[in-house]
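Visitor: Model the full structure from these sequences, guided by the hints.
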Amino acid sequence: MNADQRPPVLEARLEQANLLKKVVDAIKDLVQDCNFDCNDSGVALQAMDNSHVALVSMMLKAESFSPFRCDRNIALGINLTSLMKVLRCAQNEDILTLKAEDAPDVVNLVFESSESDRISEYDIKLMDIDQEHLGIPETEYAATITMPSAEFQRICRDLMALSESVAIEATKDGVKFSCSGDIGNGAVTLRSHQNVDKPELNVDIALSEPVALTFSLKYLVNFCKASGLSNSVKLCLSNEVPLLVEYTLASNSFLRFYLAPKIGDEE
Amino acid sequence: MPAATLPPPKRVLVDSTKAHSNANFTIPSPNTAKRRKLETGSSPSKRLKVSQNGTKIGSSQPKSQFEDSLEKLTQDISGLKQQNSEKDQQWDRPGLDDFDENRDSLCFQQIEAEEGTLHGGRTTIKLFGVTETGHSVLLHVTDFLHYLYVAAPVSFAKTDCEGFKTYLETQLAQHQPAIHSVQMVMRENLFGFQGNQQSPYLKITVTDPKFINRLRTTIEGGNMNYKQMWKGVEGGILTFDSIQYVLRFMIDTGVTGMSWVEAPQSKFHMIPHRDRHSNCQIEAYVHYRDLIAHSNDGEWAKMAPLRILSFDIECAGRKGVFPEANQDPVIQIANVVTRYGEPKPFVRNVFCLDTCSLIVNTQIFEFDAEEKMLMAWRDFLEKVDPDVIIGYNIANFDFPYLLDRAKHLKCNRFPYWTRLKSMQSQAKETNFSSKQMGNRDTKATNTNGRLQLDLLQLIQRDHQLRSYTLNSVCSHFLGEQKEDVHHTMITELFNGTPESRRRLAVYCLKDAFLPQRLMDKLMCLVNYTEMARVTGVPFNYLLARGQQVKFISQLFRKALEQHLVIPNLQTDLSEEQYEGATVIEPTRGYYDVPIATLDFASLYPSIIQAHNLCYTTLLNKTAVDKLRLVKDEDYIITPNNDMFCTSKVRKGLLTQILEELLGARKRAKKELAVETDTFKKAVLNGRQLALKISANSVYGITGATVGKLPCLAIASSTTSYGRQMIERTKEEVEKRYTIANGYSHDAQVIYGDTDSVMVKFGPKDLEKAMELGQHAAAYVSDKFIKPIKLEFEKVYFPYLLINKKRYAGLYWTTPKKYDKMDSKGIETVRRDNCRLVQNVIETILRKILIDQDVQGAQDYVKDTISDLLQNKIDMSKLVITKALSKSDYTAKQAHVELAERMKKRDAGSAPTLGDRVAYVIVKGAGGAKNYERSEDPIFVLENNIPIDTKYYLANQLAKPLGRIFDPILGEKKAGQLLTGEHTRSISVAAPTLGGLMKFAKKTQTCMGCKKPLVGADEMAGAVCSNCRPRTGELYTKTLTKVSELEVRFGRLWTQCQRCQGSLHCEVICSSKDCPIFYMRMKAKKDVEDAGKELTRFDFDAGAAW
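Residue numbers (my numbering), protein chains in the order written: chain A, 1 to 267; chain B, 1 to 1105.
I should point out that these hints are in silico values taken from the structure, not numbers from a laboratory.
Where hints are given, some of them may not hold.
[To be verified] Below, simulated SDA-like cross-link-like pairs (lysine to any residue); rule was C-alpha separation at most 25 Å, straight line:
1) A:K28 x B:L978
2) A:K125 x B:H982
3) A:K85 x B:K789
4) A:K234 x A:S163
5) B:K1001 x A:V31
6) B:K789 x B:A610
7) B:K877 x B:G962
8) A:K125 x B:N871
9) B:K973 x B:R846
[Claimed, not checked] Counterexamples of contact, computed for chain B against chain A with all Cβ distances above 12 Å:
10) D208
11) P264
12) Y591
13) K621
14) K626
15) E734
16) I750
17) F784
18) P946
19) G1008
20) A1020
[Said to hold, decoys possible] Part of the chain B face toward chain A, derived, beta carbon under 7 Å:
21) K923
22) I986
23) L996
24) A1000
25) K1001
26) K1011
27) P1012
Glycine included, each C-beta is placed from N, C-alpha and C at the ideal position.
Guide: What follows is the structure in structure tokens.
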């Protein structure tokens, strides 16, 4: 393409293609088409799922890339299913470079194998997505729970077998995940826990007042697909405010999910 | 009853400034009506002035268009009869002064016939009708006796008649003599060829028609075996001529439905007033032999000045419930009465509860109690004495509702709407089912002596429409939208001021007026009258009964002439099916050469005639042997292996009936061509249509296995001939028109269905193709027996053949100009599609066929899809409507589920049973079913819920588009229409509703580059720092957009005001079928949103110029 003739406006090199692969994998079930907003601070994505219950907010800071160059603000409208198809062609350890021109038609992805000299190059046709930007304002949360991401994933999966929704209750004693369904009920309780040998297994509960909320497990299980991105996950809760599930990535990048609490009997 | 719907206290009425308080209102004699008129200005022109001045008497509201037309009505009429303008709203029929019973004969058009009694129980026929001078008549026809036939046994002699009569009498064991006479007559059985031999039959006449069924069942049960004369009758004895008394009478006297009859002077006897049964002006009786039935030709094709009442009622319903008669009052009844043949109604009035401001040229009757209003209306009905009552959905709603309401209010004298003094009107549940109409539960209310025409039923029967609301029917036939006031709105208007009630009254009056206009436009009364005359059945039968009775009536009439008797066959419900018509496998594709269409003119009737298929010519093996008939000489064997004798041996009855029908049609058409009078023209046109329909239905009756006289031999022979002929035509055409025979191309039959074949002759030239078509039609016709005729009618060019019974083409009958675009079986009429599909299909068909611009059609499709994905399509085009007909669907359906959800949200505005539910499909969580994703369009608009554009693309557009484009472009290219470049631009709306939306905050984006504005200085503004230089340009752009939207909204609003006919009231219409309604709602929202956008510039940091 004419990428050779003009220098691209965006050029972002990611050491491991795996990162993007996992991010996209985690959100592709929630969002089908969305804009990747690129500016000099990094690549951001924000989108709500179709039923407007969950919101995905991703920020890959410029520091996560080496090098990162973005001369102008550009929005890359990408169909995530198509993107996933292309990303599957990359090895986990491949080096990935994203390139786009000003007012682009396509985004160019280059995978360089770290071991061999194999270079593969893909273009994805872009979409023009007219989307409103929605954000959840930063709030002080009453309870912040940090726990191993694998643990959270396990809890969600286990409880999913019993019910469609989970009640999360945070008290000074610990945090209790409970559910009840047609076949019976179940609960998992975690207490604050410090593991000196393996700090990644720490469970940390910071609480200003007790919180009890109910959420849809279907969405939580979906969020857990991001578990591979980070060893620990942060859950922030306040009464009658959406739950924030945050996976922190290297160099201040993050992947956040917001989920509206269930109120009463409605779904 | 909720207090709110109670009429306001009487004080309102007393305080009313109106000079003519109607608190003690009684039905005015013409004199009081006149006085009232004088109060409001004695001449229409004067009154007009008054209302223009807007003074106390006239309404302070500006007049609507409809009111203008109301006004014109009287002006026109007063122009017509200048000297006599007081008669304008006179209700009575003309006085009887000009009728002298001793001098004149009694001649009238009878409109209804029913069984009745006179002089202490003697059964008579009651004929209701109207004379040419407009007098209502009830004529009792006396002494007509019902009878039946039985085949006489071989040993039965004339002398046995008396003995048999006595024997029957004892067997029947009635308290009074039941048998009038037994006669031996020579008759012939209709069913099967009898060798042209008449044989003796016994005609048993009963003294009263009520005995006929008893007699028939006893005979058929085998309990009448006088002297054991009948041999081997275990299965009972077959009787002949089973038909209702009324029809028997009409057949034997030659009276047809809606025909003129005459009782000659001095032959009829007037009945004194105290003995009268009815309210008719003239009531008399006559012996049936003295009655003269006029045939419907020439002078007697005219119509009497029938009085037609069109009315509509309004009820004050409660929120969320369909009006129930035991709760919700009737608040207004609007009436329009027209005399047949006059273009303008002579009575227009509204009966209202509570006060109501005046409406120009309309009488308003105000009442403080519902009971009084209902009774006054009934008195009005009796006084104005309509012959025909019409309305929209009156049979299932207005009539039963009024009756139930009166019962609830204990108005015992109310339900007397009939012409008979002692006969109450009652609503009965009836179930009507026929193959043509399917199963319908309806209510029937008797109004003896008055005809009823429910326009809704009529239109449902005769026309296939997207929707049958009065609104959409009117916009379809009359080309105008009508304000649709939702029934919950009615109560609000009613509880308002006299002005708001006036508004309701105008609406109600319009609803009463529209059925009348529809009827005039569709010429229902004339066409149905002619149908009644042609088939000879009473008018009411046409609507209340199926197809069969019409044919039976014709058959009996014909059989009577020829001394044939018709067996009363026991119909066993056999599911025997026979093979129908053939369809030549279509060679699908897009043809850009002319395709000639050859049609068999009235195929089935002409087959029956050509091959002499009939009940009377049907043969079986034994008959052939017995009569020693010669094959192909005396009889033929049909392709279905049935045998019929040839016309040389006996001409079939059906053939004769058909000949007469078709001959009469030819005559009617000829007369039509020379006739100049519009009313006579309408009559003749109605007649030729009725004749055509009747001729075509003959075949259907023989095939109806549940019918009275099924004869599968005839039906399946007819279709088998039809199949053979289509095949033969194909062969002949393809054999003759070949290159070998000197033609430029080999002709190819690309498709054929039932009675037509489509031929591709090859030449590109239209004229040449037409020439060949004509030639081929004549050539093939010669190969068939008369009167079978292949006609060349039209050429399709270009022609798109999609599948069996699915095609479209441009229709040419002359080589100069195409006549129309013709499409069959393509998604342009189906109602379960959204309007978008309809529009797209219509447009591309037009582009492909008329403009012959396939590329243009493709571009159009691409643009539309692109617009759809970007949410630029107007939502009214995406709305799907379905009627909520019953509550217990087994499968979950989108509209039913939505109605449930709406009920939970707000029970008041939710659709109820019978309403049409409008919905759109919105985006839902992954894996949600369609029925979970249906949503109320208004709700969607208000909350900006994203529409599932992909659903519309994949489930609504994809298939019909594929069907059209596959044959033209090939499957691969056609598929690209749905996935190409143009689908890559989408728009995702952010809703204002949903779990997260309460918390989410919208980040404004830069109007120039879409970058989210997050910095403190630019957050509230419109553009980002990069785009600041473009502020001016962007501001202008936004401003233009706002003003454009404002103009659009203004236009839509005006359109609605125009439709509701008033510029000074709020638009309250909520018609779910009206595209403008949604556009208006959308435009309103768009203006609001765009206005908000504009204000952003006020806060823009860089805009401080």
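Visitor: Against which earlier hints does the structure fall short, listed by number upward?
Guide: Failing hints, ascending: 3, 18 and 19.
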